[in-house]
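Residues in the sequence shown are numbered from 1 upward in steps of one, following this note's numbering.
Keep in mind that the hints were calculated from the coordinates and are not lab data.
Pairwise CB distance ranges, derived in the manner of DEER restraints:
#1 Pro439 to Ala206: 25 to 35 Å
#2 Tyr442 to Ile397: 37 to 47 Å
#3 Leu46 to Pro439: 49 to 59 Å
Virtual Cβ for every residue (Gly too), placed ideally from N, Cα, C.
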Amino acid sequence: MARDLSSLTRVPRVPRRRGAQRDAGFNGTTPYVAADTGIDTLSGYLPSNRAADAEVLPGRDRITARARDLGRNNGWAAGAISKEVDGVIGANFRPLLKPDWRALGLSSEWAQAFKEVVEARWRLYADDPRKLCDTTRSQSMSQIFGTAYRTYMIEGEAIGLVNWRALRPFKTTLRLVDPDLLSNPFEAADEARLRGGVEVTRDGVARAYHFRQGHRDASWPNTGEAMTWKRIGREGQNGRPQVIHFFDKLRDGQTRGVSRLAPIVERLRMEDHYSRVELQAAVINAILAAFIKSPMGPEMMDEMFGEGDGDSFLRYQSGRASFYGDRGGVRLGGARIQTLYPNDEIGMVSTARPAAQFADFEAAVLRHIASGMGISYEQLASDWSKTNYSSARAAMIEIWRGWTARRTAFAQGFCQLFFMAWLEEQVLDGHIVLPRGAPDFYAYWPAYARAKWIGPGKGFVDPVKEAQAAAMRVALGLSTLEEEAAELTGTDYADNMEQIGREIAAMPKGMLHPAQESFAKLLGPAVAGPAQTPED
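Go ahead and model the full structure; you've got the sequences and the hints to work with.
And the structure:
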């Protein structure tokens, strides 16, 4: 006989307290407070979900214009941009070639020889004071990369055209393009396959770019150029890059970049206005320290001395002016005592401005701005008064991690593409010869051009501790001398060793070069381990 288990499994109903859902944040409509429209603090907060380009493209021009203005006129923004450009790109941004000889099936000895030849050719090309690497012949290669990165920060994207100039020693040149020139032909509305001047395929691949031949707001008449567009394919024959377009892609379907300053434009503008008002108040306080006030106004003058004709006030003021202009006061013991006109008093300007909390408020705003820029408050404000070694070291590590990620992304997305185009020219022209039996260049193009890009070093908070830590990492196998030289000082380890070898050879007999000291002596007992026996 089947037993009825319903009575055993029935759970007693607990009376629900009124308002329990609201206390739990449900409000009777949604289990997430973030989606609840009945909460006062979120009732008017109703952003919409749009496609990526529908969010970026309509307001991009205005965001760019505001970011450019802040970069020109706001000291904090200009300083933050310059600091990041100097820290990521610096004065000598160059590739450290690392051809993937294992993937190519070649030897490490070939890779070293190939590296030396390619880097020597690159230095001859990139550091030429004639600036033949630039299509416009106005910048060296490192300067071009720095300008491109600055444009990426302010406008959200960097665009370059890889050109061919047959009459130059190195025919491959780079031309930076103002992002304003990238637009739909005849300013047409965006379409599914043409958005913001970028022509995309069904898979979302940027296939070609449409460039306006002249800026529409130039200071000279250029209607013909401003209304003329040129279509340039992303890649040419054999996949050679023709247009290099770098930006941070934050969502699927995004074809144009947006300024890195966009999240902090409002704060920068408000801080700029507030500091300007405080500065004006301080200037006024410094100029106007005291004043003389009279208890009698125009109405009282007419009532006491006049007949309603209004001249009494003018006579009164004329008398006061004569009194203060003609009398020099009474001198007592060499000091002058200024006498006042009857019923006049001396008033002092209040010195409550700038506000006492201005410095703290500005520091809070600058911390918000620094966080949005990915740097520390100390770097942005150049205020190291409250920083010790530990906090400075922690801040440096965090900032350097972000800068390293951006350097790698920019190098791979912009610089490396141009380097590949340049290397193709060198191989095709015979300046760089591949060994017999080497794999096809185009099939293994990335392996031949594989490189690590070196910029300025991280620097030192405490040079002695940093050097000891670097030596310990190398001694423990956690790093290499090449990596430490690139990270700390931004130099090439191979170049350093060649120079050290020349210095050692030039030294008198009996004199030791500092580099000849052993790691054990540098590190001391920290990693020296137990004392070795004669057998060891």
